[in-house]
Amino acid sequence: MSVSFSKTECGRGIGLTRIYDDKFKSVCSYIFFVTKIDKHNIASNSLISKLLITSNSKIKSRTAFNKELMRLYGSSIAVASTRAGDYQMIGLCASCLCDKFTIGGEQISGKVTDMMLDCLFSPDIDENGFNEKYFKMRKQDVIDAVKASVNDKRGYALIKARKEIYKGEPSENSAYGELDEALKLENKALVEEYRKLLKSARVEIIVAGHSDAEKNVSKILDAFDKIPRDEIADIDYRAFSPLKPEPAAFEEKIDVNQTKLVMAFKTGYDDIYVNKLMIMLFGGAPFSKLFMNVREKLSLCYYRAAGFADTKNVMIVDSGMERENCERAKEEILAQLDAIAKGDFTDEELDNTKLALCTGFKSNNDTVSDMAAWYLTQFTRNELCSPEEICERLLCVTREQIAEAAKAMRLDTVYVVSPAEETEEENEN
Amino acid sequence: MKTEKTVYKNDKIGAQYTILHHPSGLDIYLMKMEGFSTVNAAFATRYGSVNTTFKTGDDKDFVTVPMGIAHYLEHKLFENEDCDVFELYAKTGANGNAYTSFDQTVYTFSCTDNYLDSLGILLDFVQAPYFTEQTVEKERGIIAQEIKMCSDSPERQCFYNLLKAMYVNHPVRIDIAGTVESIQEINAELLYKCYNAFYDLHNMILVIAGDVDEDDILAVCDEHLKSSKDRQLEVSFPDEPYEVAQEVISESFTVGTPLFNIGFKCDAAKGQELLKKQLCANMLIQLISNSASPLYKKLYELGLINNAFSSEVFFGEGYFSCIFDGESNEPLKVRDMIIEEIERIKREGIDSERFEIIKKSAYGSLVWEFNNTEICVNNLLGAGLMRVDLFDTVDHLAALTEQDLMDNIDELFDTKRVAVSIIQN
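From first to last, the protein sequence lines stand for chains A and B.
In terms of my numbering, the first sequence opens at residue 1 and continues consecutively.
In terms of my numbering, the second sequence opens at residue 1 and continues consecutively.
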């Protein structure tokens, strides 16, 4: 058994990807609509997708809808949402057991696909818009989700930091959206936006899991054949974030126990996998420079992570520590990046990093959702490579390339979220 | 002594696993999953944050150690005498990790290559503790930062407060990592004492899932496992009253919408009894409040809950409870409506159609879990530490009747043993 992958352009801005492996006991279909992020459509797309999975014109009650999915062996029709740079991919995902694993061999996969297609193409809409009761309830869900973004303090620091890192770019908008935009959502206008998505957004269909999934492909394509499609915008996922003339620093004091430090670096070095490898060596692996020095040697932080937004060419390092250790942590992070730029790492460290990154890449073959996510990411990089093909490429990366990638990183933004009480105490002192 | 082998199989689900009873005292659980690139492994001991009072055959009396010591020990085992364990894993490409829960400590790795080398590393470092006062001291700052990081999570705080409200004496009411103050009392001597008591291969299991070879694994185990004598470990827990400690506990935190946890305290159980109890509790919790239930519809339509509403069955050594959690501006009203629905089911009985649907859905979830090596390891680990067969759940589910649920509902959802934890601005 091994993964079989194919990508077809079906015309009218619709891409179809098949990813099959018979080791899986389930099948899954994703339908994504790709839109450029703006302040408004984060909230509106979120509400549209939530409404689409609440009911449809055939099953108008949410309770009956959920009951039907449970009857189909706990199948799921859920919102599928991800971001790639300045674009948002939002839509639905239907997943269920392979028919052969049901009791008595019930045929469920076609039924679940039909349900999803009813949600997407025949939603519960009348002349006033989406079902008004569900519109109000789901709108409240969107509002509550925006409000709840303050609950996770590490996530909150990252949201606020990204606003500054990407100032003026679509990526400055958080995945939760803004409260005022959520409050403004209006039912009839939302229906128009839903119709616009169907008509003009780039569509990515991914059918994945056991090869039984193939029988759902024609159902999905037939459904798209029946709708008008035009004015589909071209998409280029890669839009590098411009470097600020001088690094910008911000500090916000809130009700938090531990200080959160976010540092963003921008680069003109344009090789995704060299950058990824360098960042793994720097702060992505449990044997990285940051882990070994900032955590193990200096005992400054419990968490410290470095990640790469490849569509924006931005590295973000985030960590948590005592406020009084913040400057020291910042200095050490910069010093470790400088060390890599100067070639201060061993061949063994580089080889180990390659191995760790390859382990991560190859493990994507082992869950249906990870396989789908892997290839979706490949599309945003204008590539169609398997994890194994990327690993081959990684093995050829040299020490010089790593040093060059580190050298090209420029500090752009520093965002600190620290405890409000500390300031008062300091002032008293 | 030779390794003894037992094979467990379920044809309908299309899965099987093997238990190897190794002469060292360790039980090794293997699930071969053809075609998967990833191998997941877990080496676990029945030792968690609640095990603060214990004695071995060498001790005269029970000893009580500071809170958070199991978690501290987990951190320290990653440091060998001459190197850090992550440096060893780095050479094999494995992703090593560990976690401590209320009743277990688990050391894991996942990898796509060199799994036998990684297994050797795992077995070696967990069996070779090395602590000095200096190395123990060095870790204190990192753990304090971990505790502070966790204290920034209102969801976590809401859950821990619920445990404090439900349990009067049981140590499950204390945070797994302890407190910044309690970890100051931990030293190398105490760590060795706990290690020697709980890291006995008779008290541990090893679980591996992936496209692996049984003979190769056995050869690595033969080479790396050090035979250990059964230390005759005994753990002790204080008596836990029937009632909850307090009905409502509240704390202030910056949150979007107030958070709540509502817990029904139940009697603890072990082995097969625990497995059946857990299954009944899960089924009842679904009947009461899943997204197709009348109660969920009512709560949602009244705006008393939102999308964040969920439920879980929480259990371990000496504790068992059914918990509902979510966001609401009126958590006490949510509690009252849950209680009303439970009383209604007790009076009117179970909706047969929904019972059958939930059974079908539960079966689907069970099969689904065999799609993933990590979930298989976690499920085998749960079953192994509970000393039951993983496939027993499938059989119990098939045999479960509405009457079984009605026979258990009074104890599982005793409306006089309810606590509510609220986090609000």
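Just so you know, these hints were derived from the structure itself, not from any lab.
The model shown is predicted, which means the values in this text are computed figures rather than measured ones.
Ideal Cβ positions, reconstructed from N, Cα and C, are used throughout, including at glycine.
Possibly wrong hints are sitting among the right ones.
To be verified - Now the in silico label distances, taken between C-beta atoms and shown as ranges:
#1 N128/A to Q16/B: 44 to 50 Å
#2 E301/B to A175/A: 42 to 48 Å
#3 K215/A to M1/B: 35 to 41 Å
#4 D392/B to A335/A: 51 to 57 Å
What the hints assert, rightly or not - Okay, derived cross-link-like pairs now, SDA-like style, lysine to any residue, Cα gap no bigger than 20 Å in a straight line:
#5 K9/B to D255/A
#6 K362/A to N114/B
#7 K76/B to A188/B
#8 K354/A to E331/A
#9 K148/B to T63/A
#10 K148/B to L394/A
#11 K215/A to D99/A
#12 K60/A to K9/B
#13 K5/B to V255/B
#14 K354/A to I142/B
#15 K362/A to P294/B
#16 K147/A to V255/B
#17 K298/B to Q140/A
#18 K91/B to D144/A
#19 K297/B to L394/A
#20 K362/A to I142/B
#21 K60/A to E301/B
#22 K362/A to D113/B
#23 K76/B to M292/A
#24 K50/A to D113/B
#25 K147/A to H224/B
#26 K359/B to D255/A
#27 K148/B to V255/B
#28 K133/A to E301/B
#29 K297/A to K359/B
#30 K253/A to N307/B
#31 K60/A to K188/A
#32 K136/A to D117/B
#33 K91/B to I103/A
#34 K407/A to Y303/A
#35 K148/B to A309/A
#36 K164/B to D113/B
Quick rundown of the hints versus the structure:
no., hint, result
1, N128/A to Q16/B: 44 to 50 Å, "56 Å, violated"
2, E301/B to A175/A: 42 to 48 Å, "27 Å, violated"
3, K215/A to M1/B: 35 to 41 Å, "53 Å, violated"
4, D392/B to A335/A: 51 to 57 Å, "55 Å, holds"
5, K9/B to D255/A, "53 Å, violated"
6, K362/A to N114/B, "13 Å, holds"
7, K76/B to A188/B, "10 Å, holds"
8, K354/A to E331/A, "27 Å, violated"
9, K148/B to T63/A, "41 Å, violated"
10, K148/B to L394/A, "38 Å, violated"
11, K215/A to D99/A, "11 Å, holds"
12, K60/A to K9/B, "42 Å, violated"
13, K5/B to V255/B, "53 Å, violated"
14, K354/A to I142/B, "28 Å, violated"
15, K362/A to P294/B, "44 Å, violated"
16, K147/A to V255/B, "8 Å, holds"
17, K298/B to Q140/A, "16 Å, holds"
18, K91/B to D144/A, "46 Å, violated"
19, K297/B to L394/A, "52 Å, violated"
20, K362/A to I142/B, "32 Å, violated"
21, K60/A to E301/B, "15 Å, holds"
22, K362/A to D113/B, "10 Å, holds"
23, K76/B to M292/A, "15 Å, holds"
24, K50/A to D113/B, "41 Å, violated"
25, K147/A to H224/B, "52 Å, violated"
26, K359/B to D255/A, "45 Å, violated"
27, K148/B to V255/B, "17 Å, holds"
28, K133/A to E301/B, "8 Å, holds"
29, K297/A to K359/B, "52 Å, violated"
30, K253/A to N307/B, "30 Å, violated"
31, K60/A to K188/A, "18 Å, holds"
32, K136/A to D117/B, "56 Å, violated"
33, K91/B to I103/A, "46 Å, violated"
34, K407/A to Y303/A, "24 Å, violated"
35, K148/B to A309/A, "28 Å, violated"
36, K164/B to D113/B, "44 Å, violated"
Hint check: violations occur at hints 1, 2, 3, 5, 8, 9, 10, 12, 13, 14, 15, 18, 19, 20, 24, 25, 26, 29, 30, 32, 33, 34, 35 and 36; the rest are consistent with the structure.
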